[in-house]
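Participant: Residue-level listing of the chains:
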Amino acid sequence: MVPSLPILTGASGAWIMLALKVVAAMGFMTAANAVILYAC
Amino acid sequence: MPAERGGGFRYGYDPLFLISFAVYAVNRELIKPNLHHYSPFFHGHLNDSLTVPVALPIYLLFYRWIGLRPDDEPPRSWEVGLHLAVWIPFFKWFGPVVLHRGVADPVDAWCILGGGIAAWLLWQRGWFWRGLMSKPENEPAPWPKSTES
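Residue numbers (this note's numbering), protein chains in the order written: chain A, 2 to 41; chain B, 17 to 165.
Please note that the accuracy of each hint is not assured.
Unchecked claim - No more than 20 Å apart at the CA atoms, straight line, and that leaves these computed lysine to aspartate or glutamate pairs for EDC-like:
1. K22/A - D87/B
2. K22/A - E95/B
3. K48/B - E95/B
4. K22/A - D88/B
Claimed, not checked - If you anchor each label on the Cβ, the simulated ranges turn out as follows:
5. A134/B - V36/A: 43 to 51 Å
6. L21/A - F57/B: 40 to 48 Å
7. A20/A - V123/B: 14 to 22 Å
8. V123/B - T10/A: 46 to 54 Å
Hints in this document: simulated from the structure, not taken from any laboratory. From the three backbone atoms N, C-alpha and C, an ideal C-beta is built for every residue, glycine too.
Just chain B, same shape as in the assembly (with noise of 0.2 Å):
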């Protein structure tokens, strides 16, 4: 097992994850048998949108649980970004082409796509405010006021 280091990131118990997973949920049994016609949106771009923030906790939590993530740090970039380069072709084109499931609408690779960074930002928010907040290096403390003029 690699070298064990900290993290906030709570994976299934993610406020993020937890959201999307009932926006799925909503869309799926209330909104959806209840459209009388077809909604692009509700029918193709949210589930879309919502691949990476529901998908990925799950699968990095596996990853985590035999050892291959080891830590629990928020998403990285080049987790989504492998993740991405997995799902958009698999789900976009080897699913309808090759196994004829799925729809192979490019608008819903961009949906994919956008949602996964739009989580990635989410996800590293506390890194942004982190490094917005903090102080440079070398920057005298404003207190206490020298007394010395």
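Looking at chain A on its own, in the form it has when it is part of the complex (with noise of 0.2 Å):
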């Protein structure tokens, strides 16, 4: 069983985890957006 961290369990820890997703999904395109300007 993998341990998670209690903040991020219950019905405030899935929107902490969504919001970390829709960072990390604006991180992505952020940076795939500049590879796409600069080398394509």
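Starting from the two chains in their separate frames, assemble the complex, guided by the hints.
Facilitator: This is the structure we're talking about:
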């Protein structure tokens, strides 16, 4: 079983995880857009 | 991780992605270096038309990896639209005007939009054909034929 931080469990934890995923997606999009703009 | 649901989209192995990427590669490596004059189509419009079919599957694969995308369904209209709403201003305004990289050509913006719509239609062709071929509910089956008359 993978241990998880208490703050990431429960209803508020789900929102925190979603927010982290959205931030990760936006970071990836920014980096990938820059790669496309400068390399393609 | 959201509830797992199925779907037939294969991201990097999607046929439309592979064909579009091959067209982009051929244009970049073979066609453009051998052109003796500037060609608006090969130097701009073609690449812009391929933005969505080449880039979106890679983006969606990352979203799937981090668990933001709950299934492997083909790209949805809002997913295509959301990325178009980011890419068109970024590549056709922010890049050329702010970063001084790229060309701010309105025709290119229309090419990105047209390529995105065409790609979405091709990705949704399964849904289209299923809707076209399925019979309406409550319609009696054409067989077996009734013997009463």
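Participant: Are the hints correct? Go through all of them and say.
Facilitator: Hint check results:
For the hint pairing K22/A with D87/B, the CA-to-CA distance comes to about 15 Å; that is within 20 Å, so the pair holds. Distance hint between K22/A and E95/B is fulfilled; the C-alpha atoms sit about 16 Å from each other, no more than 20 Å. At most 20 Å may separate the alpha-carbon atoms for a hinted pair to count; K48/B and E95/B exceed this at roughly 31 Å. The suggested pairing of K22/A with D88/B holds, with an alpha-carbon distance near 17 Å, which does not exceed 20 Å.
A134/B and V36/A have their C-beta atoms about 24 Å apart, which leaves the hinted 43 to 51 Å range violated. Restraint check, L21/A to F57/B: a C-beta distance of roughly 43 Å satisfies the suggested window 40 to 48 Å. Taking the beta carbon of each, A20/A and V123/B are about 38 Å apart, not inside 14 to 22 Å as hinted. At about 52 Å, the CB distance of V123/B to T10/A agrees with the hint of 46 to 54 Å.
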